[in-house]
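**Q** Listed below, chain by chain, are the residues.
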Amino acid sequence: MNKKLRIAIVPGEVCGGCDMAFVDLHRNLIDLLGAVDIVFWPIATDFKEEDVEALDSIDIVFFQGSIRTEKHREIIEKVAEKAKIKVAFGACACFGGVPSLADLYALGEVIEEVYLKSPSTENEGGIIPGETVDNPYGILAPKLVDMNYKVDDFVDIDIYIPGCPPPKERILEAVDILVRYFEGRADVEKGTVIAGSRTLCDECPREKPEKIVIDKFKRIHEVKIDPNKCFLAQGIVCLGIVTRNGCGLPCIKANMPCRGCMGPAPNVYDVGAKLVSAIASLVEIENEPKLSDEEIATKARTIVDPAGLFYRFTLGLSRLIRVVKKK
Amino acid sequence: MGIETEDSWEPKIIAFLCKYCASAGADLAGVSRFKYPANILPITVPCSGSIDMQFVVRAFEMGADGVLIGGCHTPSDCHFLRGNFKALKRVALMKKMLEQIGIDPRRLRLEWISATEGKKFAEVAKEFVEEIRKLGPLGGGHE
Chain A
0 MNKKLRIAIV PGEVCGGCDM AFVDLHRNLI DLLGAVDIVF WPIATDFKEE
50 DVEALDSIDI VFFQGSIRTE KHREIIEKVA EKAKIKVAFG ACACFGGVPS
100 LADLYALGEV IEEVYLKSPS TENEGGIIPG ETVDNPYGIL APKLVDMNYK
150 VDDFVDIDIY IPGCPPPKER ILEAVDILVR YFEGRADVEK GTVIAGSRTL
200 CDECPREKPE KIVIDKFKRI HEVKIDPNKC FLAQGIVCLG IVTRNGCGLP
250 CIKANMPCRG CMGPAPNVYD VGAKLVSAIA SLVEIENEPK LSDEEIATKA
300 RTIVDPAGLF YRFTLGLSRL IRVVKKK
Chain B
659 MGIETEDSWE PKIIAFLCKY CASAGADLAG VSRFKYPANI LPITVPCSGS
709 IDMQFVVRAF EMGADGVLIG GCHTPSDCHF LRGNFKALKR VALMKKMLEQ
759 IGIDPRRLRL EWISATEGKK FAEVAKEFVE EIRKLGPLGG GHE
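If you're matching them up, the sequences are chains A and B in order. Residue numbering for the first sequence follows the numbering used here, starting at 0 and increasing by one per position. Residue numbering for the second sequence follows the numbering used here, starting at 659 and increasing by one per position.
In isolation and in its complexed conformation, chain B is listed as follows (with noise of 0.2 Å):
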């Protein structure tokens, strides 16, 4: 995402998104024309039950400083049923084990976005990066 030097450091945040609705909540934004920071590379998975916290791992270890996950809202919109309730379940145990591992759980969040709340999507998508400009950097010490 650019040439950055020490002072010029921007957030870089992955998302996943389910795709039947925080992805179609991202292209309606979109297609609305929400203005929200590029700081947000988005990757569509098939269902938010099926991101594996090795994804989110994986994401850090290649210098992520946040991780957004986007799924269907609970109880009953996931395409798949139950999928929401297993992205719920795994986002909670894995904030509490970024917490002993020294990395601030906010780096981790967690959102229910509908197809039909582009303005939603814009709005987690500011707050979120903001939220991680004032974390700063992943990395170089226990937070």
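Just chain A, with the same shape it has in the complex (with noise of 0.2 Å):
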């Protein structure tokens, strides 16, 4: 290929871990290197605003985070008008991510918790995102959008890398579809999710019980785990079930349960519902005629934090946290 590719790489509501999934390509990112134009990442290197409008095109832009300010916003919509492919890297920019999480809350509460309550904040003026700071710098934090938004609520992706962040073989595997794309060898079908097509539980290699019963729901710090178990054959709860394959199992192999960074399965409908169908009909079905209506019920009621448990990383993809923030 003699032309390099033009690669931009966008944040939105980061952490960073997007980017040192890039980083930790180790020596094949010397490769990619000698393929591409990195154009704009702003994480890496000292790019600004301004370097977005001078920017003429883009080959890819990977999107990482979420949509959280106005601002994200912006630029976000900017580069995609100028991208001729578009993806969204990582479970924020998928799925929402860990910082959906907030939507369980309204924006009030969120902001004043955050910037006026919490005890870690020192804010004499109570000056909130969106007003402008009267400082030296002239700076001014961006206002909030009403909910965290995923980035293909705003523009088209055409290839989604879930992950919280990607692992390594499903970029370099994104990284080769690209590349055959820009050279006319393959086709990038709009929408194409770079993992699995069945679910984590598919490939697990825990042992598994014919029946799985579950008699009291226990946490990952109460209780010494089995490594060669099924976790919800012991108790914990383990997202595996609705969780789409193609990570490499990295936690289940350290001993933790799946956490659903990958998002979900194919034709699941909304993860959170589909995990209280699969995960409450499995309490105390021993005993069930044996104990009353309510004791059974309270039995069910066990899990802790139900919400952020299911929707860890796919509290953006909810569809009921649409319709309580619909105006």
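Hints may contain errors.
[Unchecked claim] With a straight-line Cα cutoff of 27 Å, these simulated DSS-like cross-link-like pairs (lysine-lysine) come out:
1. A:K289 / B:K792
2. A:K2 / A:K189
3. B:K777 / B:K677
4. A:K77 / A:K3
5. A:K324 / B:K792
6. B:K792 / A:K325
7. A:K47 / A:K81
8. A:K217 / A:K83
9. B:K670 / A:K325
10. B:K693 / B:K670
11. A:K325 / A:K142
12. B:K778 / B:K670
13. A:K70 / A:K81
14. B:K792 / B:K778
15. A:K217 / A:K228
16. A:K324 / B:K670
17. B:K677 / A:K289
18. A:K83 / A:K189
[Said to hold, decoys possible] Cβ-to-Cβ under 10 Å is the rule here; a few derived chain B residues that face chain A:
19. A696
20. L699
21. M711
22. P733
23. E801
Treat the hints as calculated values from the structure; they're not laboratory data. Beta carbons: idealized from backbone N, C-alpha and C, even for Gly.
Hey, can you piece these two chains together into the complex? The hints should help.
**A** Right, here's the structure in full:
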């Protein structure tokens, strides 16, 4: 290939983990950097907003992070107009990610807690985002949008690379597809997800009993976890039953249950509701007729923080949040 | 369900009723000519245990203000033996999750209604419609 691909990496609401995922490509990074020109990547080098305006065309843009402020939205929309292929990179860009959990509260409550009330905050003037600050630097914190949006709420996305952060193998797979696309050797179907098309459970090597029965839900710090046995069979909620495979099982191998960063498997309509259906029905299967309705219901309710647990990375996809937030 | 304006809002309720008990109970309410509000749209399903909570999400998403789930009495009325227990456990956990998300858990209601309880179906329907009427339309803020 003679012409180098022009790549932009554009952050929204990010933690920096997705940038680290690029750095973690190790020696593959050298090959990658040989094939591309990075025209915008504010975390790595000194790019400013004016540089977005100055760009003429971009071959591939990787959007990282969700859209939390009006500024995120503005920059992301501006870059999207100039890009040929738009990629949502990481769980936040694809599904809203962890920042979406703030949407369990009203926006006013979030602002109050974060900017005014939290014990570690010193904010004498009571300044909140969107207000002009009277200081020598003229810094203005951008106004928050009404909820935490995933990127495809505002721009069309061609390729989704889920994960928190996306695993190295999947990034290389995506790069390979993209390079071949620009050489005219491959097609990119809109909405391609660079991950498996089955569930994580499907490829999990742990022993699963014939029938899973949960008598008590346990949290990971409350119990010594058997490294060879299915988490659910040990009473620990694992999201592998609804999550896409393709991550390479790093959590499972580290004896930690799946938290769903690869997003919902195909045909899952709503992650949380699906998990409620699947997991609640495992409670006390053996003793059902012996217990009263109230006793059984109480047992089912013992999961601590079901919304935060089931929607850990995917609350931005939740349809119920949109029902609550609609005007 | 009719044309509505701001002032003429009427609660919309989807009822998932199991074929063998609650749905038969609703039929009995009909043939016995018990009156109950027309706000309830019944959908017959094979068993209350077959109701995926994703159906509830879909109902709320499509504009329902409340969802009623009707099944057979515990412990032993279920045609499929344990389906009603599944519904019981799912609804219990779903209510907890709805509350966190900002939807009043009273908008999801589980009732055991046998095929002979036409009267109970009519009463539950009336009561539930009134409860949802008090809660108001769903959406537009955390409850």
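**Q** Hints first: check each against the structure and report whether it holds.
**A** We went through each hint and held it up to the structure:
no.: 1; hint: A:K289 / B:K792; in the structure: violated, 37 Å
no.: 2; hint: A:K2 / A:K189; in the structure: holds, 24 Å
no.: 3; hint: B:K777 / B:K677; in the structure: holds, 17 Å
no.: 4; hint: A:K77 / A:K3; in the structure: holds, 22 Å
no.: 5; hint: A:K324 / B:K792; in the structure: holds, 20 Å
no.: 6; hint: B:K792 / A:K325; in the structure: holds, 20 Å
no.: 7; hint: A:K47 / A:K81; in the structure: holds, 17 Å
no.: 8; hint: A:K217 / A:K83; in the structure: violated, 48 Å
no.: 9; hint: B:K670 / A:K325; in the structure: holds, 17 Å
no.: 10; hint: B:K693 / B:K670; in the structure: holds, 17 Å
no.: 11; hint: A:K325 / A:K142; in the structure: holds, 19 Å
no.: 12; hint: B:K778 / B:K670; in the structure: holds, 20 Å
no.: 13; hint: A:K70 / A:K81; in the structure: holds, 17 Å
no.: 14; hint: B:K792 / B:K778; in the structure: holds, 21 Å
no.: 15; hint: A:K217 / A:K228; in the structure: holds, 15 Å
no.: 16; hint: A:K324 / B:K670; in the structure: holds, 19 Å
no.: 17; hint: B:K677 / A:K289; in the structure: holds, 25 Å
no.: 18; hint: A:K83 / A:K189; in the structure: holds, 12 Å
no.: 19; hint: A696; in the structure: violated, 23 Å
no.: 20; hint: L699; in the structure: violated, 18 Å
no.: 21; hint: M711; in the structure: holds, 4 Å
no.: 22; hint: P733; in the structure: holds, 4 Å
no.: 23; hint: E801; in the structure: holds, 8 Å
Violation of the numbered hints given earlier is confined to hints 1, 8, 19, 20; the remaining hints are satisfied by the structure.
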